[in-house]
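K.L.:
What follows is each chain in one-letter form.
Protein chains: 2
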Amino acid sequence: MSEGKRIISMSHGSGGKLSHELITGLFLKKLNNPILAQLEDSAFIQIGDLPLVFTTDSYVVKPIFFPGGDIGKLAVYGTVNDISVMGARPLFISCGFIIEEGMDYTLLEKIVDSISAAAEKARVKIVTGDTKVVERGSGDGLFINTSGIGIIENGVHLGIGNIKVGDKIILSGTLGDHGIAVLSCREGFNFQSEIVSDSAPLWDMVSGMLKISRKIRFMRDPTRGGLGTLLNEVALGSSFCVMIEEAQLPVREDVRSLCEIIGIDPIYVANEGKLVAIVAPDDAEAVLKVMKGYPEGIEARLIGEITEEHKGKVCLATMVGGLRIIDMFVGDQLPRIC
Amino acid sequence: MSEGKRIISMSHGSGGKLSHELITGLFLKKLNNPILAQLEDSAFIQIGDLPLVFTTDSYVVKPIFFPGGDIGKLAVYGTVNDISVMGARPLFISCGFIIEEGMDYTLLEKIVDSISAAAEKARVKIVTGDTKVVERGSGDGLFINTSGIGIIENGVHLGIGNIKVGDKIILSGTLGDHGIAVLSCREGFNFQSEIVSDSAPLWDMVSGMLKISRKIRFMRDPTRGGLGTLLNEVALGSSFCVMIEEAQLPVREDVRSLCEIIGIDPIYVANEGKLVAIVAPDDAEAVLKVMKGYPEGIEARLIGEITEEHKGKVCLATMVGGLRIIDMFVGDQLPRIC
Numbered sequence: 001m002s003e004g005k006r007i008i009s010m011s012h013g014s015g016g017k018l019s020h021e022l023i024t025g026l027f028l029k030k031l032n033n034p035i036l037a038q039l040e041d042s043a044f045i046q047i048g049d050l051p052l053v054f055t056t057d058s059y060v061v062k063p064i065f066f067p068g069g070d071i072g073k074l075a076v077y078g079t080v081n082d083i084s085v086m087g088a089r090p091l092f093i094s095c096g097f098i099i100e101e102g103m104d105y106t107l108l109e110k111i112v113d114s115i116s117a118a119a120e121k122a123r124v125k126i127v128t129g130d131t132k133v134v135e136r137g138s139g140d141g142l143f144i145n146t147s148g149i150g151i152i153e154n155g156v157h158l159g160i161g162n163i164k165v166g167d168k169i170i171l172s173g174t175l176g177d178h179g180i181a182v183l184s185c186r187e188g189f190n191f192q193s194e195i196v197s198d199s200a201p202l203w204d205m206v207s208g209m210l211k212i213s214r215k216i217r218f219m220r221d222p223t224r225g226g227l228g229t230l231l232n233e234v235a236l237g238s239s240f241c242v243m244i245e246e247a248q249l250p251v252r253e254d255v256r257s258l259c260e261i262i263g264i265d266p267i268y269v270a271n272e273g274k275l276v277a278i279v280a281p282d283d284a285e286a287v288l289k290v291m292k293g294y295p296e297g298i299e300a301r302l303i304g305e306i307t308e309e310h311k312g313k314v315c316l317a318t319m320v321g322g323l324r325i326i327d328m329f330v331g332d333q334l335p336r337i338c
Numbered sequence: 339m340s341e342g343k344r345i346i347s348m349s350h351g352s353g354g355k356l357s358h359e360l361i362t363g364l365f366l367k368k369l370n371n372p373i374l375a376q377l378e379d380s381a382f383i384q385i386g387d388l389p390l391v392f393t394t395d396s397y398v399v400k401p402i403f404f405p406g407g408d409i410g411k412l413a414v415y416g417t418v419n420d421i422s423v424m425g426a427r428p429l430f431i432s433c434g435f436i437i438e439e440g441m442d443y444t445l446l447e448k449i450v451d452s453i454s455a456a457a458e459k460a461r462v463k464i465v466t467g468d469t470k471v472v473e474r475g476s477g478d479g480l481f482i483n484t485s486g487i488g489i490i491e492n493g494v495h496l497g498i499g500n501i502k503v504g505d506k507i508i509l510s511g512t513l514g515d516h517g518i519a520v521l522s523c524r525e526g527f528n529f530q531s532e533i534v535s536d537s538a539p540l541w542d543m544v545s546g547m548l549k550i551s552r553k554i555r556f557m558r559d560p561t562r563g564g565l566g567t568l569l570n571e572v573a574l575g576s577s578f579c580v581m582i583e584e585a586q587l588p589v590r591e592d593v594r595s596l597c598e599i600i601g602i603d604p605i606y607v608a609n610e611g612k613l614v615a616i617v618a619p620d621d622a623e624a625v626l627k628v629m630k631g632y633p634e635g636i637e638a639r640l641i642g643e644i645t646e647e648h649k650g651k652v653c654l655a656t657m658v659g660g661l662r663i664i665d666m667f668v669g670d671q672l673p674r675i676c
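Quick mapping for you: the protein sequence lines, in order, are chains Y and S. Mapping to our numbering: the first sequence position 187 is 187, numbers consecutive. Mapping to our numbering: the second sequence position 201 is 539, numbers consecutive.
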């Protein structure tokens, strides 16, 4: 660390190493409490006898419309998914808008239409909201915060602490579609095969998975920072080794090509309609089969397992027979994709 | 409305007439559901047997440090107060940061310290958070969203629908301190008597009020848009007349002077540690007495009552014996004060 003035950089918002340092070194340290310290996608909050979860996310995606979605759809599904991967049914959502002066009213109308449609599809109610306007040049079109509340039913308890050696790792579908769709649109890349965001609500599939198995240990959606970041969080949080097989990682051919051109590993690219489930070995096949029955899980597959070899590390068994450590990435590969 | 392209203006975020039109004409219309439609400071959400409230607010105050507070303190107390005025005990808060690239890390640390101290004072837990970074020039230092959950105890039910003719209107203290403190700081006005924000958590006082009376009909805090906007919401929502006496409106002398100089009526200026309570006439004196026992209510007083004369209107009995209609204001008198 230099002796000079420390400033916030784009990398602090990337989901990578600096984001992690900001969260643990500043927010966790100063706002210390055991619920926040769990660093799950949503906070467990017991109120009376009710096991609830509570989560928040701000959306600053640029541009606000992109192939397969827009900031409104993303804001609803993103928060719904953060609730769902806790094994909780999404119930209520809040919506806070920060609008830049001069925004076209008809675009805002389109976004609100999209929010409305997404809330209906995800069967959540938007019950409270807020609108702020900032001067031209003090914002960037539109930022949206959504917070959400869900309820855990049937005594489900998911968390990194449940993970055991031998557990199987399931990924619900292809990697990087969302991040590359936004990037392509923003940078004006032209590709014959149009890549669209995978933004989708996951509760229906999660609900089906929870019905078939009581041995799902943990779930999370690989959004900002992608699968690579998620698996590192699992390795760090569980203190086990996360061993995955490169040959099993599904990446669309056009996504892979574009990643190669721009020098990004798809393992770090954001997804908005995917999840990783870590499941006891005897239930893994059954869970996988259920997932394949949902549109969001058609391409689900086993990608690896929890081992003891390199504790706290993510190891990729490469297709040429080597073993590569997948670290948290440093830098800001793909800013503002959510 | 002109035939040209409609755009979002600063007035859409002012809390005045255009804000109201944006909320009812766009958000309520498209996201229509009965909970949102109540337009209270927090949404009532019944989960199982638990009567909860849920609220959200984004904070874009400029500058982020001002006399008597900062954006962090404001973000915690603002959301805590939106819960409290529903008669609900604040429990859990979320915190979403949108940071502009280049922000001084030590300033962010100070804000997080302030959030931590405010949460402790208000006895709420910050249980979930999110951080986004936007490029230099795409934000303005720091925006914070806080959402919050509270619980209603002892079957309290407050709401505009409870208001009856003859009810008394109590205001907890002086008008306009917060808005003028922020404005003075932003515009570099120098005054001998420094005006400081009234930002403060109100739950302790509210809790005391609820203990002494079961006949508090409604409470709300006069933030953006001030007392004038709040009373118009009451008049519109109840369809009665809100009659207040100018002589009873407490305004600090230095706040009044500055308002005169810049041509703003203090009745429209934001407060961040004040509330209005509408109480049945037989309990009004007792509630007032309790309020005066708290630091936040020392200057509480009766300012008027609910009548039938001019339905849906707010009337001010002036000190010279006239009657003036207080409308919702049009324009953006004081942008970015919260």
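Keep in mind the hints are simulated off the structure, nothing from the lab. These figures come from a predicted structure and were not determined experimentally. Ideal placement from N, C-alpha and C gives every residue a C-beta, glycine not left out. Accuracy of the hints is not assured; some may be wrong.
[As the list claims (entries may be wrong)] If you want a taste of the chain Y side facing chain S, the calculated C-beta under 10 Å gives, among others:
#, residue
1, 47
2, 55
3, 91
4, 92
5, 100
6, 105
7, 137
8, 145
9, 160
10, 174
11, 213
K.L.:
Are the hints correct? Go through all of them and say.
P.N.:
Evaluated hints:
Interface restraint check for residue 47 of chain Y: the shortest CB-CB distance to chain S comes to about 6 Å, inside 10 Å, so the restraint holds. Taking 10 Å as the C-beta contact cut-off toward chain S, the hint placing residue 55 of chain Y at the interface holds, the least distance being around 5 Å. Taken as an interface hint, residue 91 of chain Y checks out: its beta carbon lies about 7 Å from the nearest beta carbon of chain S, inside 10 Å. Contact between residue 92 of chain Y and chain S, as hinted, is supported at the beta carbon level, the nearest pair being about 5 Å apart and thus within 10 Å.
The interface hint given for residue 100 of chain Y is met, as the beta carbon of that residue sits about 8 Å from the closest beta carbon of chain S, less than 10 Å. With 10 Å as the threshold, the beta carbon of residue 105 of chain Y comes within range of chain S, its nearest partner Cβ sitting at about 4 Å, so the hint holds. Interface hint at residue 137 of chain Y: satisfied, since its Cβ lies 7 Å from the closest Cβ of chain S, which is below the 10 Å cut-off. A distance limit of 10 Å between C-beta atoms decides the matter here; for residue 145 of chain Y the minimum to chain S is near 4 Å, and the interface restraint holds.
This hint is violated: residue 160 of chain Y has a C-beta 16 Å from the nearest C-beta of chain S, more than the 10 Å allowed. Hint status for residue 174 of chain Y relative to chain S: violated, with the closest Cβ pair at about 25 Å, above 10 Å. A cut of 10 Å between beta carbons decides the hint on residue 213 of chain Y: the least distance to chain S is about 25 Å, and the hint is violated.
Going down the numbered hints, you'll see the structure goes against 9, 10, 11, while the others check out.
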